[in-house]
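Engineer: Spelled out, the chains give:
There are 2 protein chains.
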Amino acid sequence: MGFTAGFIGLGSMGSPIAMNLIKKGVKLYVYNRTKDKTEPLVRQGAIPLSSPQDMFNYCDIVFSMVANDLALQQICLSENGLLNNSKKEAIHVSMSTISPMLCKELVEKHKEKNVYYVSCPVFGRPDAAENAKLAVCMAGDDLAKMKVKPLLEFVSQSIYDFGHHAENANTVKLSGNFLILNVIEALAEAFSYAKKSGVQIEDLLTFLTLTLFPSPVYKNYGTIISNQQYDPPGFKMDLGLKDINLLLRSADHLKIPLPLAGILHDRLMTGLAQGRENLDWSAIAMTQMEESGI
Amino acid sequence: MGFTAGFIGLGSMGSPIAMNLIKKGVKLYVYNRTKDKTEPLVRQGAIPLSSPQDMFNYCDIVFSMVANDLALQQICLSENGLLNNSKKEAIHVSMSTISPMLCKELVEKHKEKNVYYVSCPVFGRPDAAENAKLAVCMAGDDLAKMKVKPLLEFVSQSIYDFGHHAENANTVKLSGNFLILNVIEALAEAFSYAKKSGVQIEDLLTFLTLTLFPSPVYKNYGTIISNQQYDPPGFKMDLGLKDINLLLRSADHLKIPLPLAGILHDRLMTGLAQGRENLDWSAIAMTQMEESGI
Chain A
124 MGFTAGFIGL
134 GSMGSPIAMN
144 LIKKGVKLYV
154 YNRTKDKTEP
164 LVRQGAIPLS
174 SPQDMFNYCD
184 IVFSMVANDL
194 ALQQICLSEN
204 GLLNNSKKEA
214 IHVSMSTISP
224 MLCKELVEKH
234 KEKNVYYVSC
244 PVFGRPDAAE
254 NAKLAVCMAG
264 DDLAKMKVKP
274 LLEFVSQSIY
284 DFGHHAENAN
294 TVKLSGNFLI
304 LNVIEALAEA
314 FSYAKKSGVQ
324 IEDLLTFLTL
334 TLFPSPVYKN
344 YGTIISNQQY
354 DPPGFKMDLG
364 LKDINLLLRS
374 ADHLKIPLPL
384 AGILHDRLMT
394 GLAQGRENLD
404 WSAIAMTQME
414 ESGI
Chain B
124 MGFTAGFIGL
134 GSMGSPIAMN
144 LIKKGVKLYV
154 YNRTKDKTEP
164 LVRQGAIPLS
174 SPQDMFNYCD
184 IVFSMVANDL
194 ALQQICLSEN
204 GLLNNSKKEA
214 IHVSMSTISP
224 MLCKELVEKH
234 KEKNVYYVSC
244 PVFGRPDAAE
254 NAKLAVCMAG
264 DDLAKMKVKP
274 LLEFVSQSIY
284 DFGHHAENAN
294 TVKLSGNFLI
304 LNVIEALAEA
314 FSYAKKSGVQ
324 IEDLLTFLTL
334 TLFPSPVYKN
344 YGTIISNQQY
354 DPPGFKMDLG
364 LKDINLLLRS
374 ADHLKIPLPL
384 AGILHDRLMT
394 GLAQGRENLD
404 WSAIAMTQME
414 ESGI
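For the protein sequence lines, the chains are A and B, in the order given. Quick note on this note's numbering: the first sequence kicks off at 124 and runs consecutively. Quick note on this note's numbering: the second sequence kicks off at 124 and runs consecutively.
Heads up, a few of these hints could be off.
Put simply, identical chains are the same to the list, so a pair is met inside one copy or across any two.
As the list claims (entries may be wrong) - Here are the computed lysine-lysine pairs in the DSSO-like style, where the Cα-Cα straight-line distance is at most 30 Å:
hint: 1; residue 1: K146; residue 2: K378
hint: 2; residue 1: K318; residue 2: K150
hint: 3; residue 1: K318; residue 2: K227
hint: 4; residue 1: K236; residue 2: K342
hint: 5; residue 1: K318; residue 2: K160
hint: 6; residue 1: K234; residue 2: K319
hint: 7; residue 1: K365; residue 2: K147
Just so you know, these hints were derived from the structure itself, not from any lab.
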């Protein structure tokens, strides 16, 4: 049985995910605000649409992967938005990193239109998206999740179910990004201490990843920081700030102090003030090195 | 060929390490300030000595594992200390977590007495010591390291060489302990956020250790924090404070600001102020949970 689906948002993550769906034989309708981003996909057989509201005319499952809360609100709720022309039993699979608060709100708005909203934020940089190696956090209605799963398997290496409450997947995503950025800052501090003490950063990194931290996050970011290779960015600094701000606002809402997250926020802010918005978010390590006189 | 060695300092780490040496057939001379700690080892065949200065009468290689800088200074330099009766070509294998500054000083003092000082701080909690699963960071004179290595293999699962400068192994040890404590605090913050958001901590931990952080540190401490099981302690809070203070003093000396380490220091200080000195150092997570109203 062939699949038909829609995809909204063809940025550095959306494009490779959509491409993997096409490669797996999915008939894919695509929409992007900037039209020329649809072209590589159209060349592979995707069918371009001129607005999100046409999506549910052609398909029961629509994915979206956009930059932030505002973009997703517009995609869903604006005059030519996805929900303006909804279809009973249709499913919106939202892969963006957005606030749990907006997620909750969108679940309600979708319900009013008889559309299921499934939260599916993903972990992995663009190369992981290309290689269908993403880790997907999924939450929402059980039947909807079951229908969506075969398609998610085309773009990911693992799918984790966080239950009925769609916003829980977003909470996990924000927690994960916080933990990743925390590793970056901690490695930057440890490396600046080690280097100024006379220890080779490479030796320390090898030891850490063979013993205490045999983890892709430590390996990847440890290597980037050790090589000081923040360009090309896998995840840009301004997107990192967006995510830490989502976490901090969400934690404010719930009344949770997060001392480490406060430091990480300031590091990103410093990086942006220093004109590093086009570097990888791990370039916050440059600030630590500079402050240490290295 | 049988080995003969000495062991000074039979605390929660020293005792199981010494026991493993005996089990491997090493003829072991032992010394501990509190005498009754030698008894279980003597029952297994260890020979007790009444002061460190007798050690080099009987063996060419002496291990030490003591609580802090002051204890190691006394073991080495006091009137009845190890160096008071040294022997040419003898080796002192120092496993304690001490400051790189004291290490440098001790290397010189040992050299004056024609004794090699090899730094061998270890990673692993008492259960890892018992099971000979420690990770050893080794640095110092090449010939001395070569002689010591077969004995270290009896007590560890891996040995990493950080070169000629003995203090480099201590730098790595302090960096590692900083990174571990940082994980504890980061998990505590992420877990308090997740829990108050409605996500099961256990689900988040499973996801993290299967994807981003398949690391023993995340698994062990994530489980301890999730279960709130800080007793019995694997590594007590006051020892954690000692190590973070060693890092901060050493970083001060080198002029390196460490913002995360400052937060970790204050967390430990708060834990001690709250009377938690006999709990595991991961009990700093209790403070984060309490502050979050959980």
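Engineer: Each of the hints needs a verdict: does it hold here or not?
Structural biologist: Outcome of the hint check:
When the C-alpha separation of K146 and K378 is checked against a cutoff of 30 Å, the pair qualifies neither within a copy, at 45 Å, nor between copies, at 54 Å. For the homomeric pair K318 and K150, neither the shortest alpha-carbon distance inside one copy (53 Å) nor that between copies (40 Å) is at most 30 Å. Taking CA atoms no more than 30 Å apart as the test, K318 paired with K227 passes between copies only; the shortest distance there is 17 Å, against 46 Å inside one copy. For a Cα distance limit of 30 Å, the shortest separation of K236 from K342 qualifies neither inside one copy, at 45 Å, nor across copies, at 43 Å.
Within a single copy, K318 and K160 get their C-alpha atoms no closer than 43 Å, and across copies no closer than 39 Å, so neither meets the 30 Å cut-off. Taking the shortest alpha-carbon separations for K234 and K319, only the inter-copy value of 25 Å comes in at or below 30 Å, while the best intra-copy value is 57 Å. Proximity of K365 and K147 under a CA criterion of 30 Å is satisfied in neither setting, with 32 Å inside one chain copy and 56 Å between copies.
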